[in-house]
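Undergrad: When you get a sec, could you build the whole thing from the sequences and use the hints?
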Amino acid sequence: MISRFAADRFPSDLTRAFGDVGGFDRNAWRELAELGTFGIALPESAGGVGLGTIESVLVHESLGAGLVPGPLLAATLSAGLVPGVLEGDVIPAIVTRPNHQVALVEHLQNADVLLVVDDMGIERVEIAAIDGQNVEHPTDPTTPVMVVRELPHGEQLGDAHLALAWRRLGSVLASAQLVGNSEASTALAVGYAKEREQFGRPIGSFQAIKHLLADSFTRTEVARSSVWAAGVTIDEPEVADVDRAIAGARLMAARAASENAKTCVQVHGGMGFTWEVDAHLYLKRAWILETVFGNLDEDADLIALHVAASL
Amino acid sequence: MHLRDSDADATFRADLRTWLDATVPTLPPEPDPRDWPARRIRDAQWQRLLFDAGYAGINWPAAYGGRGATPTEHLIFLEEAAAAHAPDVGVFFVAQMHAGLTLIAEGTPEQQAHHLPGILNGDHVWCQGFSEPEAGSDLASLRTRAIRDGDDYVITGQKIWTSHAIVADYCEMLVRTDPDSPKHKGITWLIVPMDSPGIEVRPLVTAQGSAEFAELFLDEVRVPVSNRVGDENDGWRVANVTLGFERGTGFVGEMLDTTNVMNELVGIAQRTPRGNGTAWDDIGIRRDLGYIAAELDALWAFTKRNVSQGAKSGIAMGNGSAFKVAYGSVVHRLGDIALRVLDRSSLSFDDVDGEPTAAQLHGKLKGFAVSLGGGTSQIQQNIIAERVLGLPRER
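Protein sequence lines correspond, in order, to chains L and B.
Residue numbering for the first sequence follows the numbering used here, beginning at -14 and increasing consecutively.
Residue numbering for the second sequence follows the numbering used here, beginning at 300 and increasing consecutively.
To be clear, the hints were calculated from the coordinates, so they are not data collected in a lab.
Keep in mind that the hints are not guaranteed to be accurate.
What the hints assert, rightly or not - Between beta-carbon pairs, the in silico distance windows are:
id, chain 1, residue 1, chain 2, residue 2, range
1, B, 303, L, -12, 25 to 31 angstroms
2, L, 30, B, 576, 52 to 58 angstroms
3, L, 290, B, 632, 39 to 45 angstroms
4, B, 615, L, 223, 28 to 34 angstroms
5, L, 294, B, 344, 33 to 39 angstroms
6, B, 362, L, -1, 55 to 61 angstroms
7, L, 223, B, 334, 30 to 36 angstroms
8, L, 223, B, 516, 52 to 58 angstroms
9, B, 344, L, 290, 38 to 44 angstroms
As the list claims (entries may be wrong) - Short, incomplete list of chain B residues facing chain L, as computed with Cβ under 7 angstroms:
id, residue
10, 302
11, 305
12, 588
13, 683
Treat the numbers as computed from the prediction; the structure is a model and nothing was measured.
Positions of the beta carbon are idealized from the N, C-alpha and C atoms, including for glycine.
TA: The following block contains the structure:
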């Protein structure tokens, strides 16, 4: 259902516009919220749908596949804590407080509130207190970014325990979006390969193209399995090590999304390198999701140390 | 997708673990891997123990003498057996995983009554006579000819990649019974007793130095028509039934072995001096092994997902192919990391200084067994591209 909604309500042109000043479509965002998107795992008593993490994972796969723009993670994480977010009336932004560098914050231009997460907890920082500069050329043209040199502190909304839960859930949901992204870029490339003819036949009939796309399919299905397992582990932490599961899901999903998007560009030939074709949008969204609540090198190291510790 | 044991599964696991803990230590030591008759004896011993305890034919229907385990129980059985360092199915692979299940699905009651007990209790070893020198990836182009003569088929031809042929009693064999029809429509599935006159077995040594395969040369070998499984010229369909049984749990034992190899490599790295510390202090090696572990975790999750799905609707062909391609790649890359850790120790295929270096190098070659056997990775990619993604066939 989310997939259909995303395709209808967030076509490529609208999604691209989200990156422009004033391009944030609050009506579309509100309609997305009205589907219950941000309250999938919130209890019914809090106005949510009352399902679990795995259902939220599935929703974010669809959102990622639809390349739906906007602060999806911020909204899903804060829907139970910040009034108005669940309904789509209040637009949140979220960032992990950096240690030594400036903060780059997605969607800050359009946000009504900023949530800052660190090891100590979650703070709510008022937009008026933030001195930020618009990034004129964000890496992902559908995701506007602001630079904030000094992130102020604000009201404590959650403790260290909640911050950890947000970081874990945020990581898995970003990984879920990456899985969806990897599936959608593959579908785009497959569609093109069936239509585009050279040397008297569809380019999809050549083994070189077939094998590239078969590898994309494989990456998606393996990554999907890893992300589902991480989602289940969050809800049932006794089945496996949560941090290892989440780190593994990120490694698989990030690799799937970036490799599949690269393949999508490649299969499109020269046209894949144009602004007009959506291939680069999948690639760039994959890049920025890769660093959300996760870092590939740190994730790989965490897993390695876990392997050594369990010997 | 279920990651946690149900109560029934937990009971199954606990009972099995108790039995394994009591039984595995009573086994004699493993024989020299090159001594196939001795390996057959040991594998048969294990098979008999399983049979007596009610674990033989773990995923066979109970009506045919098997355990009737659910796919999840089958997975649990493989996990626990590996954890207990129990022998794997060994020379009984073809009998248990291919022939027996095919006879259950496609055989006559007489064939089932005659063959299934011997497969279950470890009396009979089977080998597979499918591939030929000229029919590998293109298996349907096989040429071994079977001519009907009265109540017999007379078989002449050649087979290759026949596992355990030197200790086998029976061969599940695909033969061409109609050379004039399109290739998929002229094939028949036969049970060939390996003591039939006219069969020559020539061991085939692999790059791992082991003769686990053989070539078979068949010169007018007579086999009764009653040994035919399925109808004449319907063998291609029956063969696909046979090969379909590998999807899902077919690689579980393999993956457990690879996970052990990875764990051992971590241990070796921790003990290998490098620079001012050890190879494990090399963050590059740690991260690359961490990535391999993430992939193995993912492939486990994929297996459980496929097994859950398979219980309801059968495992999608694309997922089986995707698994095999991904897993083969992991095994190859783990081998690459092994070389970086072993350094000059990699010059010896025997253990060096008491370290299990040989297992690492064998593991490095094992990647080819996965990327070549049971349908090459390239064929699997074709299957995904054409049958799942719907890309146009080549011809």
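Undergrad: Now look at each hint and say whether the structure bears it out.
TA: How the hints compare with the structure:
no. : hint                               : result
1   : B:303 to L:-12: 25 to 31 angstroms : holds, 29 angstroms
2   : L:30 to B:576: 52 to 58 angstroms  : holds, 54 angstroms
3   : L:290 to B:632: 39 to 45 angstroms : violated, 20 angstroms
4   : B:615 to L:223: 28 to 34 angstroms : holds, 30 angstroms
5   : L:294 to B:344: 33 to 39 angstroms : holds, 37 angstroms
6   : B:362 to L:-1: 55 to 61 angstroms  : holds, 59 angstroms
7   : L:223 to B:334: 30 to 36 angstroms : violated, 45 angstroms
8   : L:223 to B:516: 52 to 58 angstroms : holds, 57 angstroms
9   : B:344 to L:290: 38 to 44 angstroms : holds, 41 angstroms
10  : 302                                : holds, 4 angstroms
11  : 305                                : violated, 13 angstroms
12  : 588                                : holds, 5 angstroms
13  : 683                                : holds, 4 angstroms
Checked against the numbered hints above, the structure breaks hints 3, 7, 11 and satisfies the rest.
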